[in-house]
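Peer 1: The listed protein sequences derive, respectively, from chains H and X. Using my numbering, you'd call the opening residue of the first sequence number 1 and step up by one each time. Using my numbering, you'd call the opening residue of the second sequence number 1 and step up by one each time.
Honestly, the hints are just simulated from the structure, not real lab data. Note that CB positions come from ideal geometry on N, CA and C, so glycine has one too. Worth double-checking, as some hints may not be accurate.
To be verified - Output of the computed footprint for chain H on chain X, the stretches with three or more beta carbons under 8 Å from beta carbons of chain H:
| hint | region |
| --- | --- |
| 1 | 130-139 |
| 2 | 176-186 |
| 3 | 379-387 |
| 4 | 397-411 |
As the list claims (entries may be wrong) - Computed list of lysine to aspartate or glutamate pairs in EDC-like fashion (alpha-carbon distance at most 16 Å, straight line):
| hint | chain 1 | residue 1 | chain 2 | residue 2 |
| --- | --- | --- | --- | --- |
| 5 | H | K172 | H | D254 |
| 6 | H | K58 | H | D274 |
| 7 | X | K186 | X | D165 |
| 8 | H | K172 | X | D361 |
| 9 | H | K58 | X | D372 |
| 10 | X | K186 | X | E143 |
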Amino acid sequence: MTRVTPTTLSSGVMAGLQSSLARLQQTQEQLSSGRRLNRPSDSPVDTVAAMQLRAEQKQSEQLERNIDDGLTWLGTADQALSQTSTALNRVRQLTLAGANATNGPAEREAMAAEVDQLRSGLLGVANTQYLGRPVFAGTQDVSAAFDPATGAYAGNSATVNRTVSSDQATGKLAVSVPGDQAFTTLLSDAADPTGAGVLARISAALRSGDAAGLQAGLADLDTAAEAVRSTQSVVGARTNRLLSVQATGAQRSDAVTTQLASVEGIDLAKTITDLTLQQTAYQAALGAAAKIVQPSLMDFLR
Amino acid sequence: MSNFASLGLGARALQAAQRGLELSGQNISNVNTAGYSRQRLDQVAQGSAAVPALFSRSTGMGDGVLVRGADRIRDEFLEARAQQVRGTQASAATAQATLGSVEAAFGEPSSTGLQAQMASFWNAWHDVANDPTSAAPRQQVLEVATSLAGSFARTSQQLGQQWADTREQLSATVAAVNRTAEDVAKLNDAIRAANASGTPSNELADQRDDLVLRLGESVGAVGRVGEDGTVTVTVGGTPLVSGSRASALAVGGPTTYPGGTGPVTVSWAASGTPATLTGGSTQGMLTALTTTIPGYVSALDTVAGQLTGAVNSQQAAGFDRTGATGAAVFGGTSAATMTVTLTDPQGVAASSAPPPAYDGDNATAMAGHLTDPAGPDASYRAMVVQLGVQSQGATRQAGVQDVMLRQVDSARLGVSSVSLDEEMTNLMTYQHAYEAAARFVSVIDSALDSLMNMAR
């Protein structure tokens with residue numbers, strides 16, 4: 001049977017109080033930081049999950065920014081193409097009116113001047129920029145997609161891409177359209193001996209009263225207008241796709257945040273209950289210690 | 001047996017009771033002394049002459065009590081066990097503290113640690129990809145790169161500082177051990193002399209055993225009591241203190257990390273052979289200096305090297321703003337020496353197509369390293385998890401050793417510490433014995449008186 005002496009009693013009491021306080025301290029740390037996981041050794045398994053989730057969180061923040069930027073690109077292109085369609089409708093009206101033989105040279109001159117004006121307006125629209133980069137030049141590093149003097153296409157056929165999801169294969173979306181696909185022969189035509197585009201040809205035909213030229217120009221104009229419309233529908237489709245990726249991304253981001261909170265964060269109700277229980281246990285231990293350590297035989301001897 | 005001799009018997013009884021009272025007083029006054037073992041009176045009954053000889057006839061009655069001295073009550077086996085457990089507990093506690101400090105240096109998982117900073121760095125390349133021709137996102141990338149390199153260097157430097165602090169602590173501990181060993185040798189000498197001359201040595205023995213316990217805690221030393229009352233203290237089988245001779249330990253190796261040649265060693269100063277440490281805080285510190293901290297520093301260096309290599313080779317695969325192939329962004333051979341060597345924002349290689357085209361595909365490819373399963377982020381995560389597992393294991397081990405130490409101490413102190421209740425009871429016993437002996441003396445006195453008055 002082991003002897004129990006004041007020394008062993010007090011060291012046992014102190015050990016018990018210390019372990020009770022250590023538990024209390026841990027709960028208090030969790031409550032004040034709001035996290036269950038304050039260092040990797042608290043739970044190595046949860047640390048793996050927490051670090052991966054944090055990486056994913058950072059990634060989806062960035063992807064959201066990429067998507068926003070891509071949507072603005074597509075929006076700018078869409079607006080430019082709408083303006084183009086409106087201008088082309090007016091040119092069509094003028095062409096049809098010019099084909100009417102009752103027009104005199106002065107009226108035809110006026111119509112030709114208007115077509116010229118619409119052409120230079122269209123050139124400006126085709127050279128739309130977003131943040132200093134031409135929207136319709138592909139990835140070519142030029143200041144304008146179409147040469148202001150000749151209307152020749154100065155860009156390339158590559159597309160500007162944005163990374164919108166973490167999937168390596170399907171994560172990149174094109175957010176631009178090369179200018180030669182959108183505006184085809186409107187501003188300049190490689191098949192023409194002088195390189196003049198459809199609009200320039202229509203303007204010249206109006207001035208000279210060339211009816212056959214106007215007919216050919218009308219057919220070319222319709223083809224080009226069709227190209228603009230189909231480009232606009234491509235842009236619209238890409239915008240829809242980007243919007244749906246954005247919605248999915250937002251959902252995923254919410255799910256990741258919730259998961260991270262469940263892995264790292266405390267259950268507030270449970271932790272507060274634990275704290276209260278541990279405080280009660282600590283006070284009980286203190287009370288018991290006070291009762292045991294005091295009395296000895298000396299109290300009972302005379 | 002004459003009446004006069006009975007007076008001597010009475011006197012001896014009074015003396016014995018008085019010695020008993022004094023010894024209880026000694027125990028009571030030392031109830032809170034650390035390392036004190038309670039003492040008990042060693043008294044033996046005196047018989048009459050047991051060897052038959054010519055003039056040794058006796059009536060057969062005893063001759064009183066003889067007090068041979070005071071016994072120290074302690075259990076040698078429990079003491080040896082306590083030394084061992086003290087050593088392993090100190091080693092485990094040191095390991096736990098080391099890994100805790102390494103965890104604090106990394107500070108993961110958090111939004112300010114290296115993982116978050118690396119993610120910010122990769123994401124900054126996305127911004128360059130979104131706007132490859134303008135200068136602002138490029139400047140941003142270089143800024144983030146600079147702060148990332150600074151974080152790597154700072155973390156590495158913190159670990160180096162921890163190494164240097166532990167090294168200093170090791171030197172101080174070994175110096176203290178050498179001094180304590182010398183003190184034990186001196187006490188051994190004094191105890192041997194006292195035992196030879198028959199003077200009491202219990203208090204000296206208590207002091208010496210306390211010092212041996214401290215040696216156990218520092219170097220995992222174990223003591224064995226010899227025939228003449230001296231203690232032989234051994235470390236890993238080799239004697240540290242033998243009789244009145246004390247050996248010394250020495251610490252060798254570099255004092256800064258990294259630096260110097262060879263690892264840190266603890267060896268015997270006289271012969272230079274390495275000491276076999278089986279426990280103690282020195283063992284814990286030595287492990288930290290040779291294995292734990294250098295391991296994590298080199299793991300951090302590996303991550304830094306992977307990052308540097310990935311970024312520089314991706315940079316070389318693209319074209320910068322001037323149309324040339326991208327130059328290296330990071331320089332340095334380790335995490336501590338990691339710097340940003342690219343200062344011109346125009347040098348950021350965003351495009352994968354040569355001029356005149358300029359897309360942002362190279363920057364997108366660079367940003368894609370965030371999710372690379374063989375990339376620096378994945379290596380860093382693996383290292384942090386390994387740290388967590390090691391630290392958790394060390395904490396558990398330290399907890400187990402704490403419990404064991406408490407149990408062993410409780411058993412050991414149960415045998416050797418003073419119980420005030422017991423001392424009170426002993427006081428009463430010896431008080432009654434004294435009263436009874438005094439009564440005996442007065443009875444003999446009145447018997448003698450009657451004898452004197454008989455022949456009037």
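Peer 1: Does each hint hold? Answer for all of them.
Peer 2: For each hint, the structure was consulted:
{"no.": "1", "hint": "130-139", "result": "holds (count 4)"}
{"no.": "2", "hint": "176-186", "result": "violated (count 0)"}
{"no.": "3", "hint": "379-387", "result": "holds (count 4)"}
{"no.": "4", "hint": "397-411", "result": "holds (count 4)"}
{"no.": "5", "hint": "K172(H) with D254(H)", "result": "violated, 22 Å"}
{"no.": "6", "hint": "K58(H) with D274(H)", "result": "violated, 33 Å"}
{"no.": "7", "hint": "K186(X) with D165(X)", "result": "violated, 32 Å"}
{"no.": "8", "hint": "K172(H) with D361(X)", "result": "holds, 10 Å"}
{"no.": "9", "hint": "K58(H) with D372(X)", "result": "holds, 15 Å"}
{"no.": "10", "hint": "K186(X) with E143(X)", "result": "violated, 65 Å"}
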